[in-house]
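Student: Okay, here's what each chain looks like letter by letter:
2 protein chains.
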Amino acid sequence: MAKPSIKSVAVVGTGVIGRSWIQVFARAGCAVRVFDADPIQVAGAMSWVEADLKALRKEGGIKKKEARARRDRVRVAASLAEAVDGAGYIQESGPESLEIKRSLYREIDSAAGPEAIVASSTSAMDMTDIASELKGAHRCIVAHPINPPHVVPAVEILGGAATQAQVVHRTVEFMRELGQTPVLMRRFVPGFVVNRLQAALIREAVDLVSSGVCDVRAVDDSIRDGLGLRWALMGPYGVANTNADGGVQEYFTRFRQAYHDIWAALNTDVRLDDELVARLGVETDAMLPAPLPVQRAWRDRLVGAIRRLKADDPLRGSKKKAKRRAR
Amino acid sequence: MAKPSIKSVAVVGTGVIGRSWIQVFARAGCAVRVFDADPIQVAGAMSWVEADLKALRKEGGIKKKEARARRDRVRVAASLAEAVDGAGYIQESGPESLEIKRSLYREIDSAAGPEAIVASSTSAMDMTDIASELKGAHRCIVAHPINPPHVVPAVEILGGAATQAQVVHRTVEFMRELGQTPVLMRRFVPGFVVNRLQAALIREAVDLVSSGVCDVRAVDDSIRDGLGLRWALMGPYGVANTNADGGVQEYFTRFRQAYHDIWAALNTDVRLDDELVARLGVETDAMLPAPLPVQRAWRDRLVGAIRRLKADDPLRGSKKKAKRRAR
Chain B
1013 MAKPSIKSVA VVGTGVIGRS WIQVFARAGC AVRVFDADPI QVAGAMSWVE
1063 ADLKALRKEG GIKKKEARAR RDRVRVAASL AEAVDGAGYI QESGPESLEI
1113 KRSLYREIDS AAGPEAIVAS STSAMDMTDI ASELKGAHRC IVAHPINPPH
1163 VVPAVEILGG AATQAQVVHR TVEFMRELGQ TPVLMRRFVP GFVVNRLQAA
1213 LIREAVDLVS SGVCDVRAVD DSIRDGLGLR WALMGPYGVA NTNADGGVQE
1263 YFTRFRQAYH DIWAALNTDV RLDDELVARL GVETDAMLPA PLPVQRAWRD
1313 RLVGAIRRLK ADDPLRGSKK KAKRRAR
Chain Z
1013 MAKPSIKSVA VVGTGVIGRS WIQVFARAGC AVRVFDADPI QVAGAMSWVE
1063 ADLKALRKEG GIKKKEARAR RDRVRVAASL AEAVDGAGYI QESGPESLEI
1113 KRSLYREIDS AAGPEAIVAS STSAMDMTDI ASELKGAHRC IVAHPINPPH
1163 VVPAVEILGG AATQAQVVHR TVEFMRELGQ TPVLMRRFVP GFVVNRLQAA
1213 LIREAVDLVS SGVCDVRAVD DSIRDGLGLR WALMGPYGVA NTNADGGVQE
1263 YFTRFRQAYH DIWAALNTDV RLDDELVARL GVETDAMLPA PLPVQRAWRD
1313 RLVGAIRRLK ADDPLRGSKK KAKRRAR
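Residue numbers (my numbering), protein chains in the order written: chain B, 1013 to 1339; chain Z, 1013 to 1339.
Here chain B stands alone, though its shape is the one from the complex:
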């Protein structure tokens, strides 16, 4: 991985998302200054960073020297102003409250250098609402990761009304340089892209169980030993493409009526009432008896392994074609 074009970044807010961002930036070689108004939170985040690096070393993912280098790139700042001073990119992962974010962005905007990009990890807010009254609204943007970003690379990128096209472009490029996968949105919708796709699937997952078609285990088995195996490699369009000899166009033409029929049959009036939620909890606990930290460590380890599989054996085609043409 080449060194990223932005060398110095600030991480503001050090909850589960913020601390994971620290690893993303330090891994890529950036100098990271970290700030959180809560000193207990920031101490916890730094302990987690060290423990995570130690675990990575133990699993053989990185050498001692590399772990130390990453650790040495991270410094806790005593104030927000100190954290953002000289930073080319600021990743904010504060509480999901519009009032708090507005106040925080006023502070960041007045302390940060004029060229710095200010990005929010918000999963729900529109940057127009957060930053519209700021002098630096043009350099504010949403960069919403999937939890945890140091494991799962997709990051949703969305500017507000005032965000400059150049800032969007540079954020997309920076994410690529970090090894993340930018998912560029053109306009705000509730839930963005990722949580809408997830919510659409979960609505049906919940309805299948609540209406008695099958149990929690059947739903999860059908994904992890079925659809999910393909979706780890190709999105829904890629999968559709491989399911008809004429590709996506033939697929959606041939199965148009089948999709319209299933769509008409899906229940859209699904409610997560207390009784249902309790039942889903009981069935899931029975399916997954391992303690949660074991489940999470396993998930992260295997997500990493799947990413390496894909990196080592990428889907080629365009390059080969180009080579053939060049001969």
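Among the clues, some could well be false.
Copies of one chain are not kept apart here, so a pair can be met inside one copy or by any two copies together.
As the list claims (entries may be wrong) - Simulated crosslink set (SDA-like; lysine to any residue; CA at most 25 Å straight-line):
{"no.": "1", "residue 1": "K1077", "residue 2": "E1185"}
{"no.": "2", "residue 1": "K1019", "residue 2": "V1225"}
{"no.": "3", "residue 1": "K1147", "residue 2": "I1112"}
{"no.": "4", "residue 1": "K1075", "residue 2": "L1288"}
{"no.": "5", "residue 1": "K1322", "residue 2": "D1297"}
{"no.": "6", "residue 1": "K1070", "residue 2": "G1191"}
{"no.": "7", "residue 1": "K1019", "residue 2": "R1039"}
{"no.": "8", "residue 1": "K1075", "residue 2": "D1325"}
{"no.": "9", "residue 1": "K1070", "residue 2": "A1323"}
{"no.": "10", "residue 1": "K1070", "residue 2": "P1326"}
{"no.": "11", "residue 1": "K1322", "residue 2": "S1122"}
{"no.": "12", "residue 1": "K1070", "residue 2": "A1277"}
{"no.": "13", "residue 1": "K1066", "residue 2": "G1329"}
Simulated from the structure, these hints should not be mistaken for lab results.
Please build the complex by placing chain Z on the supplied structure of chain B, with the hints as guidance.
Tutor: Showing chain Z alone in chain B's frame:
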């Protein structure tokens, strides 16, 4: 893998699904008799079986001896009666026409032994509609795979009104013995479980593009470098479980309102008109320039690799707990 409890099976219908089933049964050690009313189709399926075994040998997946043993387990039958004679399990993968299936099931039912299970690969039909008038309706069942079943293990299992509980149970067990993952359904719904979950996600995937929120690439990136990485390991309930310290119950309680809000915002009036389908085709082709056979071979190779990752490093917990208790 222990030898399956049913030693002799028949594959009736040898299209893309039927030929893949041949590999599932032969791999598990079953004697497989194959029939298709169309001799060109059956010849094509047998050529594909040999080519697939050759590719598997070349990739180092199996030794020459094993490839030959699998090939030797498969025999083409001259008639339907010959194919099902002595078979303990019959997998039917004929055309998706109720009229054709009814006629085929009359023939199978009168030729097959009284103990044989007759399973259909149908993705849409209710076994009650196919088999209700048969003497052997009690042994007829749906076993719908995800394409291709020799690569992707999930198989939806659903009896008709007359299907015996014992037949459902034995089919579920047999699928496990074959190395497949049975997804047990309790009642018929259009699209079953897998295609409903897929259709729910695809409806949103199509709406995001058609409404201009993002392009095809952004949707696919958000799945294959995001949600899909987790879904290859855990279904939606498992993922929800790991996303809150209190598990699924806390997760759906905490995010209940967020889900209800996103669900209310999802467009359910999505139509795959010609113009949209053409556009999705163009964007997908631009995203995936590799030829379709290359895409499919890559997908199948990497799905296999992900399955091996999971088999080599399974999520433990219950066993460890049991061991600790035993000490």
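Student: Does each hint hold? Answer for all of them.
Tutor: Consistency of the hints with the structure:
In the homo-oligomer, the alpha carbons of K1077 and E1185 never lie at most 25 Å apart, since the shortest distance is 28 Å inside one protomer and 51 Å across protomers. Proximity of K1019 and V1225 under a CA criterion of 25 Å is satisfied in neither setting, with 53 Å inside one chain copy and 31 Å between copies. Proximity of K1147 to I1112 under the C-alpha cut-off of 25 Å is restricted to the intra-copy arrangement: shortest distance 18 Å within a copy versus 70 Å between copies. When the C-alpha separation of K1075 and L1288 is checked against a cutoff of 25 Å, the pair qualifies neither within a copy, at 47 Å, nor between copies, at 50 Å.
Taking CA atoms no more than 25 Å apart as the test, K1322 paired with D1297 passes between copies only; the shortest distance there is 20 Å, against 31 Å inside one copy. In the homo-oligomer, the alpha carbons of K1070 and G1191 lie at most 25 Å apart inside one protomer (22 Å), although the nearest pairing across protomers, at 33 Å, exceeds that limit. Proximity of K1019 to R1039 under the C-alpha cut-off of 25 Å is restricted to the intra-copy arrangement: shortest distance 12 Å within a copy versus 53 Å between copies. For the identical chains of this complex, K1075 and D1325 are neighbours both inside a copy (24 Å) and across copies (23 Å), given an alpha-carbon limit of 25 Å.
When the C-alpha separation of K1070 and A1323 is checked against a cutoff of 25 Å, the pair qualifies both within a copy, at 22 Å, and between copies, at 22 Å. Proximity of K1070 and P1326 under a CA criterion of 25 Å is satisfied inter-copy only: 19 Å between copies versus 27 Å inside one chain copy. Proximity of K1322 and S1122 under a CA criterion of 25 Å is satisfied in neither setting, with 42 Å inside one chain copy and 49 Å between copies. For the homomeric pair K1070 and A1277, neither the shortest alpha-carbon distance inside one copy (50 Å) nor that between copies (45 Å) is at most 25 Å.
Proximity of K1066 and G1329 under a CA criterion of 25 Å is satisfied inter-copy only: 23 Å between copies versus 39 Å inside one chain copy.
Of the hints listed earlier, those the structure fails to meet are numbers 1, 2, 4, 11 and 12, in rising order.
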